[in-house]
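Q: From first to last, the protein sequence lines are chains A and B. With the first letter of the first sequence counted as 1, position 95 gets the number 95 in this note's numbering; the numbers rise by one all the way through. Plus 156 on top of the position in the second sequence (first one is 1) and you've got this note's numbering.
Simulated from the structure, these hints should not be mistaken for lab results. One should not assume that every hint holds.
Non-contacting residues of chain B with respect to chain A, defined by C-beta distances greater than 10 Å in every case (computed) [unchecked claim]:
1. Gln214
2. Trp229
3. Asp266
4. Thr453
5. Pro539
6. Gly710
One-sided excerpt, in silico: chain B residues whose CB lies under 7 Å from chain A [claimed, not checked]:
7. Glu599
8. Arg600
9. Gly606
10. Thr709
11. Ser734
FRET-style restraints, in silico, Cβ to Cβ [said to hold, decoys possible]:
12. B/Asn631 with A/Glu99: 44 to 50 Å
13. A/Thr151 with B/Ile554: 17 to 23 Å
14. A/Asn146 with B/Asp403: 52 to 58 Å
15. B/Gln222 with A/Glu99: 24 to 30 Å
16. B/Arg727 with A/Ala140: 22 to 28 Å
17. A/Met142 with B/Gln214: 54 to 60 Å
18. B/Tyr615 with A/Ser112: 25 to 31 Å
19. A/Glu99 with B/Asp517: 32 to 38 Å
20. A/Arg92 with B/Arg600: 50 to 56 Å
21. A/Met142 with B/Leu592: 55 to 61 Å
Ideal placement from N, C-alpha and C gives every residue a C-beta, glycine not left out.
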Amino acid sequence: MNHQGNLLALFSVSRISFAVLAAAFTLLNIYGPSYAQPAPGLWDGLYTEEQASRGQTVYRASCTSCHSEDLRGNSNAPSLIGMSFMFLWETRPLGTLFEKIQAEMPTENPGSLSEQSYLDVLSYIMQVNSFPAGIAELVADMDKLNQVVITPKPAQ
Amino acid sequence: MKIKIAISIAALLGSLGSLAQVDNYTPVTKDMLHDPDPGEWLNWRGSDSSWGYSALDQITTDNVGQLQLVWSWALDETGAIQAAPLIHDGIMFIPVPRGVIQAMDAATGDLIWEYRPGITAAIDGSTDRALRVDDLGSAAMSQTAFAGVGRGVQKNIAIFGNMVYAATENASIVAVDASTGLLVWETPVADPAMGYHYTAGPIIANGVLVTGITGCQRYKEDVCFITGHDPLTGEELWRTDTVARPDAPGGDTWGDLPLQFRAGSDAWMAGSYDPDTNLVYWGTAQAKPWARAVRGTDGAALYTNSTLALNPDTGEMVWYYQHLPGETHDMDETFESILIDIDGRKSLFKMGKLAILWQLDRTTGEIINATDVGYQTIVRLDPVTHEVTYRDGLIPRIGEEVDMCPSTSGFKSWRSMAYHPQTSALYIPITLNCELATFGPTERVLGGGGAGPVRRINYHHPASDGNLGELLVLNVPGGDVKWRYRFRAPFNTAALTTAGGLVFIGDWDRTAHAFDAETGEKLWQARLTTSLQGFPISYMIDGKQYIAMPVGTGGASWSSQLPRELAPELRRPRNGNSIHVFALPE
């Protein structure tokens, strides 16, 4: 299949569109057809070490009082780590977790942190649950976040 | 353990300088606590018997519609408000989140003093603290150190002699000079790094400071407890376990679980006291993890979900009654004990999350009666023995969904019911809800455990017509319904009854209500800044009766998850911790 030809058939007179399409063309040439490539998952590294470190700082300031420093929670705040966390979140989209944290936390002042802080906290939660860091920071792209399903580590 | 003791009041007074203080403070005596002046509010629920009742009758069913705001005061936005203020000598003592106590002129709303943990000076002038941030281990929040460590809810405080007493989020008990707010002593009681903390404060029983700990859900080489302390010195006099250890009587009710896996039985609501029986009555919470299948025993798990009767002088457990043996759905029975004599028989009434009204003989612990309000779908209640058994298929298995009413939030929670002696009825804040619940596993390792995860899908109770809130009024002792008032939002405060024939309560949707206690007719309401939350009180100064309503956000399910999911059209400000005081016009 000639992907290059398909893209050129969609060519627009706009120079900007041309540039975008040219870039897409290049990417497709490098990575092959997008439908054959699964979206990056949690085990591919969706955040950076630095971001998780920032998230830890936010967590300690805004989350520890209910969820505890070790993330095991208390009676009214669920554990965010280990098998209890996976029981609640396995098979669910990362985007759902992000939206829940952003909309409902901290419980006495929900939505009071910046979007970046929520992303950083989510990165920290991923880190403590042994999901690996990567080279790019987690960003608030809901389409992408909703495609990421929380799953146990795949068999090697 | 380091204890600070006030030795020289004279030296203190000389060093106070310009610090505001209460003039002509009258020490609180045992007699004053047992037979309180109707104008005062010396106990978190107004009296030893925890009726939540004011004998003041200036505000009546005829004039309550004229109530006006007299003063209001913003409280720290550092955590959840669930305040039960006290009134003595015209001063309102308010428990504020994270250990702060403020003393206000209760007639004008002027601040007299405030105690801030780690900041307010000690009465002997020392700066050496009994509890250092390094001692707090993983419970410490380095940014805020003493002023903001841990969980922060402070429901009630106690007053006795010259001091105000509080139990902290760092699992210590403090005594603050009632005239100045200066720290007199602080006694660490348990290790906050193990999860221990307080959300309820002490009561005074026969001159002993009795306090129940919480945060007992982690696996550790220790169990939950209630303590007695010397109010003058802070010395611990006794400690009574609320969990039966393996080698103690009742130890076999946890099966063969070793000590470290016997968690829960938190004593997270303050109790009541009867000077005639000289017994303290205290409720305990459910076992942790919540589900039998997760905690690894289907035994009764003494002394969880029980009412305990303790001798306040020794801590001896004179009797116990376990309401829900081997409880397995997070159905707490830890709430307030209301002491009422019925035809001369000393009784104790209480209600847990299942909305079963229990009547115990408070001398012997014998069960007298139990009335199922009829909302719950989890247990059967034997009409003769009043024992509960689980309905078919209702004992959760790990990973299998259970359809249950109420949800794990309960029909009843810490929003205490009130008794009205003229109507002989209990006024009970209820939240109607159900849940599809799937209980999950926890790690059985030291430091692990906890309540256990629950996948929950909340839904409206079939009988609720879409309402979450209900003020349920039950006749005493029969338990039959006198009247009920339903409301879209959860009722989010304790109830307050007054001799003016009234019951006051506040809801999540910012409204303070007054009802005719006899008929249920709504007579007054006021829309406030955010959710009402805490324990309303009434008091009198210079011949004027006041109603104080605490307001605030934070807090668990009734105040967050349930309205957010089941009444999403209701909106409230995300902050607004405060107290609002009302009276009739001049």
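Q: So, B/Glu599 near chain A? Judge it on the closest CB pair being under 7 Å.
A: 6 Å, holds
Q: Since B/Trp229 was said not to touch the interface, does its Cβ keep a gap of more than 10 Å from each Cβ of chain A?
A: About 19 Å separates B/Trp229 from the closest Cβ of chain A, which puts it past 10 Å; holds.
Q: Beyond 10 Å from chain A, beta-carbon-wise, is B/Pro539?
A: It holds; B/Pro539 is separated from chain A by about 32 Å at its closest Cβ, greater than 10 Å.
Q: Double-check B/Arg600 for me: the hint is only fine if its C-beta lies closer than 7 Å to a C-beta in chain A.
A: With Cβ-Cβ at 10 Å, over 7 Å, it is violated.
Q: Is 55 to 61 Å a correct range for the gap between the Cβ atoms of A/Met142 and B/Leu592?
A: 27 Å, violated
Q: Would the hint on B/Gly606 be counted as holding, given a Cβ-Cβ threshold of 7 Å to chain A?
A: 6 Å, holds
Q: Would the hint on B/Ser734 stand, with a C-beta cut-off of 7 Å toward chain A?
A: 14 Å, violated
Q: Is 54 to 60 Å a correct range for the gap between the Cβ atoms of A/Met142 and B/Gln214?
A: 57 Å, holds
Q: Between B/Tyr615 and A/Ser112, does the C-beta distance stay in 25 to 31 Å?
A: 29 Å, holds
Q: Minimum Cβ separation between B/Thr453 and chain A greater than 10 Å?
A: 19 Å, holds
Q: Over 10 Å to the closest beta carbon of chain A is the bar; see if B/Gln214 clears it.
A: 36 Å, holds
Q: Are all C-beta atoms of chain A more than 10 Å from that of B/Asp266?
A: For B/Asp266, whose nearest Cβ neighbour in chain A is about 27 Å away, the distance exceeds 10 Å, so it holds.
Against the hints set out earlier in the document, violations occur for numbers 6, 8, 11, 15, 19, 20, 21.
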